[in-house]
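Asker: Chains E and C, in that order, are what the protein sequence lines are. Residues in the first sequence are numbered from 1 upward in steps of one, following the numbering used here. Residues in the second sequence are numbered from 280 upward in steps of one, following the numbering used here.
The reader is advised that the hints may include incorrect statements.
Below, a sample of chain E positions facing chain C; criterion: calculated Cβ distance under 8 angstroms [claimed, not checked]:
| no. | residue |
| --- | --- |
| 1 | Val6 |
| 2 | Ile8 |
| 3 | Pro10 |
| 4 | Phe65 |
| 5 | Ser108 |
| 6 | Thr112 |
| 7 | Val114 |
| 8 | Glu241 |
Capping the alpha-carbon separation at 30 angstroms, the derived lysine-lysine pairs in BS3-like fashion look like this [stated by the list, open to error]:
| no. | chain 1 | residue 1 | chain 2 | residue 2 |
| --- | --- | --- | --- | --- |
| 9 | E | Lys113 | C | Lys534 |
| 10 | C | Lys702 | C | Lys503 |
| 11 | C | Lys606 | C | Lys559 |
| 12 | C | Lys443 | E | Lys113 |
| 13 | E | Lys113 | C | Lys606 |
| 14 | C | Lys702 | E | Lys270 |
These aren't lab readings, by the way, just hints derived from the structure by calculation. Computed from a predicted structure; not experimentally measured. C-beta atoms are modelled at their ideal positions from N, C-alpha and C, and glycine is treated no differently.
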Amino acid sequence: MKTHEVVIQPGRSERHYWRDLWRNRELLYILSMRDVTVRYKQTALGTAWGLIRPLTTMLIMVFVFSKIAKLPPDPGIPYPLMVLGGITVWTFFSTAFTQISNSVTLNSNLVTKVYFPRLIMPLSSIAISLVDFLVSLGLFILLAIWYKFIPDWHLLLLPAFILLALLASFAFGLFFAAVNVRFRDIAQLIPFIVQVGFYICPIAYSSRLVADKASEWWAPFYWANPMVGIIDGFRWSLLGEKAYFNPQSLLISVSIVLVCLTLSLYFFRKRENTFVDDI
Amino acid sequence: MRILAHVFFLKRQHSHSLLLTTRSSPLMSVITVENISKQYIIDHKKGKGVNTLRDVISENFRSIFGGKKDQTTITHEEFWALRDVNFSIEQGDRVGIIGHNGAGKSTMLKILSKIIQPTTGTVRIRGRVASLLEVGTGFHPELTGRENIFLNGSLLGMSRTEIKKQFDEIVAFAGVERFLDTPVKRYSSGMYVRLGFAISAHLDPEIMIVDEVLAVGDAEFQKKSLGKMRDNSASGRTVIFVSHNLTAVQALCNKTLYFEKGRLIEQGETNQVVASYLSKVSKTRLVRQWDTPEEAPGNDLVRVRRIELIPDYLDDLTHIDVRTSMKFRFEFWNMMDRANLNLSLHLNSLTGECIFNIGTQSQPYGKGLIAGECTIPGYFLNDGSYTISMMIVKDTVTPVFVMEEGITFDVEDYREGIAWYGKWPGYVRPQFPFHIKMLEPVVSES
Numbered sequence: 001m002k003t004h005e006v007v008i009q010p011g012r013s014e015r016h017y018w019r020d021l022w023r024n025r026e027l028l029y030i031l032s033m034r035d036v037t038v039r040y041k042q043t044a045l046g047t048a049w050g051l052i053r054p055l056t057t058m059l060i061m062v063f064v065f066s067k068i069a070k071l072p073p074d075p076g077i078p079y080p081l082m083v084l085g086g087i088t089v090w091t092f093f094s095t096a097f098t099q100i101s102n103s104v105t106l107n108s109n110l111v112t113k114v115y116f117p118r119l120i121m122p123l124s125s126i127a128i129s130l131v132d133f134l135v136s137l138g139l140f141i142l143l144a145i146w147y148k149f150i151p152d153w154h155l156l157l158l159p160a161f162i163l164l165a166l167l168a169s170f171a172f173g174l175f176f177a178a179v180n181v182r183f184r185d186i187a188q189l190i191p192f193i194v195q196v197g198f199y200i201c202p203i204a205y206s207s208r209l210v211a212d213k214a215s216e217w218w219a220p221f222y223w224a225n226p227m228v229g230i231i232d233g234f235r236w237s238l239l240g241e242k243a244y245f246n247p248q249s250l251l252i253s254v255s256i257v258l259v260c261l262t263l264s265l266y267f268f269r270k271r272e273n274t275f276v277d278d279i
Numbered sequence: 280m281r282i283l284a285h286v287f288f289l290k291r292q293h294s295h296s297l298l299l300t301t302r303s304s305p306l307m308s309v310i311t312v313e314n315i316s317k318q319y320i321i322d323h324k325k326g327k328g329v330n331t332l333r334d335v336i337s338e339n340f341r342s343i344f345g346g347k348k349d350q351t352t353i354t355h356e357e358f359w360a361l362r363d364v365n366f367s368i369e370q371g372d373r374v375g376i377i378g379h380n381g382a383g384k385s386t387m388l389k390i391l392s393k394i395i396q397p398t399t400g401t402v403r404i405r406g407r408v409a410s411l412l413e414v415g416t417g418f419h420p421e422l423t424g425r426e427n428i429f430l431n432g433s434l435l436g437m438s439r440t441e442i443k444k445q446f447d448e449i450v451a452f453a454g455v456e457r458f459l460d461t462p463v464k465r466y467s468s469g470m471y472v473r474l475g476f477a478i479s480a481h482l483d484p485e486i487m488i489v490d491e492v493l494a495v496g497d498a499e500f501q502k503k504s505l506g507k508m509r510d511n512s513a514s515g516r517t518v519i520f521v522s523h524n525l526t527a528v529q530a531l532c533n534k535t536l537y538f539e540k541g542r543l544i545e546q547g548e549t550n551q552v553v554a555s556y557l558s559k560v561s562k563t564r565l566v567r568q569w570d571t572p573e574e575a576p577g578n579d580l581v582r583v584r585r586i587e588l589i590p591d592y593l594d595d596l597t598h599i600d601v602r603t604s605m606k607f608r609f610e611f612w613n614m615m616d617r618a619n620l621n622l623s624l625h626l627n628s629l630t631g632e633c634i635f636n637i638g639t640q641s642q643p644y645g646k647g648l649i650a651g652e653c654t655i656p657g658y659f660l661n662d663g664s665y666t667i668s669m670m671i672v673k674d675t676v677t678p679v680f681v682m683e684e685g686i687t688f689d690v691e692d693y694r695e696g697i698a699w700y701g702k703w704p705g706y707v708r709p710q711f712p713f714h715i716k717m718l719e720p721v722v723s724e725s
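So here's chain E without its partners, still in its complex pose (with noise of 0.2 angstroms):
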């Protein structure tokens, strides 16, 4: 067997870092899996604290917002219903953002002392919230038929406001990891974006308000937020054409989301070989 060789240079990047990021598929999935087992360990109700957190959280949003402050849902959908679509893939969104930002500095310990392409540990971490995110996912099901509720053809398109809400998340976490390595204040602001992008995002109340208010000086940045048009259209999917979806919200989510991506993928490949000066 002929063994290629390694050359090791200032500012050379890997010429075969794709192919070993393949040849470590393995390593992505054991570290995956460490994640998942490892959250868990040592509570006493397991995993079912996926499902506690975004029950209750359901439940007390739709005390305050239908019950006190009155918000309407989309006509033909019960509140709790469409709450929880929002809380879903919210909650996916954001975990899997914390993770992949946090992702680099939580494992310092490997990257001082042993090589593989950086990108496995972002990738891996994105494990725990999709566990989290099935779930949850089940838990709307449940509730869905609780409602009688059945979905549609357009719940074929579900996967595809997955991966676009996945993808989300690697774009805005990814620049964050690497930044996160050099300095900590990320930590801090990561669960401080979360729970603003909470309110600036249609959770708790549906988009369609705010296209009643198109005048309103606010409403371009409103749909500026990419993560508008993967909630309307996750729930679209889930809940069907009684929920409100505007397709080109869609279109800003998906430009912006390829455009970071893009750029927060250079970043990251560009500062990888510094982390260990830095971390």
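Put chain C on the given structure of chain E with help from the hints.
Answerer: This is chain C only, laid out in the frame that chain E set:
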């Protein structure tokens, strides 16, 4: 030695200009290191050293609004962890890397392991590399031994099928059969280390990079792992091994690189390089004297005035060699009215092992200056570096004062009529009488 250095000088020139010829030579270089340097910039700041976003932002704001960047509070200091390092390693070589802390050994290993990038230079590596910079890399305390074997194994570059195939052997080598499904946080530190090493010992790379791993674990296990590593290299594997343990380097490595302050200052055959490392490390100090009791080392009971090693140099030599006999002389003040004192001398090797300990008879002394001497004969100590510690003991049991490493000296090698120049083994080199005679000569029947 001079010739050796010259040869390496030539070799270095070669690797610059005639890279192609070096590569096509019968002994293939698996690792070529050319002009490798690694620079770190150390920020010295007034107050705190943590670099947060705020510092950067406020810094830049000040300059945006016309203020000057604060030049006085931040100074950048360049620090070269490695400087212009050149060497090449051939297939099957077992290479030791030695040097003081901060000499750049670990930095070198991390560059070879692709963990850090050099500032300048090029490294070419042919073959699959496994680096072992710590025992149990990535072990997660919450995971079981079984889970951690897979985690660590795949971090070190093993595939899952490889790990499965070796699994039983790894477990047996580490001796943790009963604890496979226990989280490693419940392991004893010995078990933890054994498991970590067992996994890496079952790697099958062409080049293996090992950092100081043998420093951990008990003696029995160290022996086992050293043996395992030697077996590995017998099968044509290249091993690079960093250690403070010179004995381990000598046992394992055929070539050695000696780093000092980021530079590779010597390379060659292990025994030669280790010897020259030791000679640079040791500082010969034959006399120590204090004129007044106030500045002398000691306490209220005794104070040392003078200790001295007086070699009886042979002919017109000015250094101690294996033939030289020496007198150890000491003077100390006794401040106790009447005390039964005796003296205990420890002669230690540079690595800290005690070669011998001799004591005097206990005798009653009054206040005053006490002197004495002891002779270490020639043809006794082997070549090497040694220290002498002196202990003053009261009533044969209570140490009153210990003077650690008061004297440091080197014994040089000397051989006559022997054509062998390897390192003479052992700490002592006595000349005990042999009586040899022919018992039954074979008479040729012709």
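Asker: Given the hint that lysine 702/C pairs with lysine 503/C, test it: the Cα-Cα distance must not exceed 30 angstroms.
Answerer: 24 angstroms, holds
Asker: Please check whether threonine 112/E passes as an interface residue: C-beta within 8 angstroms of a C-beta belonging to chain C.
Answerer: For threonine 112/E, the interface hint holds, since the closest Cβ of chain C sits about 7 angstroms away, which is under 8 angstroms.
Asker: Is the hint on phenylalanine 65/E kept, meaning its closest Cβ partner in chain C is under 8 angstroms away?
Answerer: 35 angstroms, violated
Asker: Taken at face value, is the distance from the CA of lysine 606/C to the CA of lysine 113/E at most 30 angstroms?
Answerer: 51 angstroms, violated
Asker: Regarding the pair lysine 702/C and lysine 270/E, is the alpha-carbon distance no greater than 30 angstroms?
Answerer: 50 angstroms, violated
Asker: With 8 angstroms as the cut and Cβ atoms as the points, is valine 6/E at the interface with chain C?
Answerer: Where the cut-off is 8 angstroms and the nearest Cβ of chain C is about 4 angstroms from valine 6/E, the hint holds.
Asker: For the hint on isoleucine 8/E, does the least C-beta distance to chain C fall short of 8 angstroms?
Answerer: It holds, given that the least Cβ distance between isoleucine 8/E and chain C is near 4 angstroms, below 8 angstroms.
Asker: Answer holds if the nearest beta-carbon of chain C is closer than 8 angstroms to that of valine 114/E; otherwise answer violated.
Answerer: 5 angstroms, holds
Asker: Should the hint that serine 108/E touches chain C count as held when the rule is a Cβ pair under 8 angstroms?
Answerer: 11 angstroms, violated
Asker: Using the nearest Cβ pair, does glutamate 241/E come within less than 8 angstroms of chain C?
Answerer: 46 angstroms, violated
Asker: Sort out whether lysine 559/C lies within 30 angstroms of lysine 606/C, counting only the CA atoms.
Answerer: Holds, because 24 angstroms separates the two Cα atoms, which is no more than 30 angstroms.
Asker: Is lysine 443/C within 30 angstroms of lysine 113/E, Cα to Cα?
Answerer: 24 angstroms, holds
Hint compliance for this structure: hints 4, 5, 8, 13, 14 are not met, and every other hint is.
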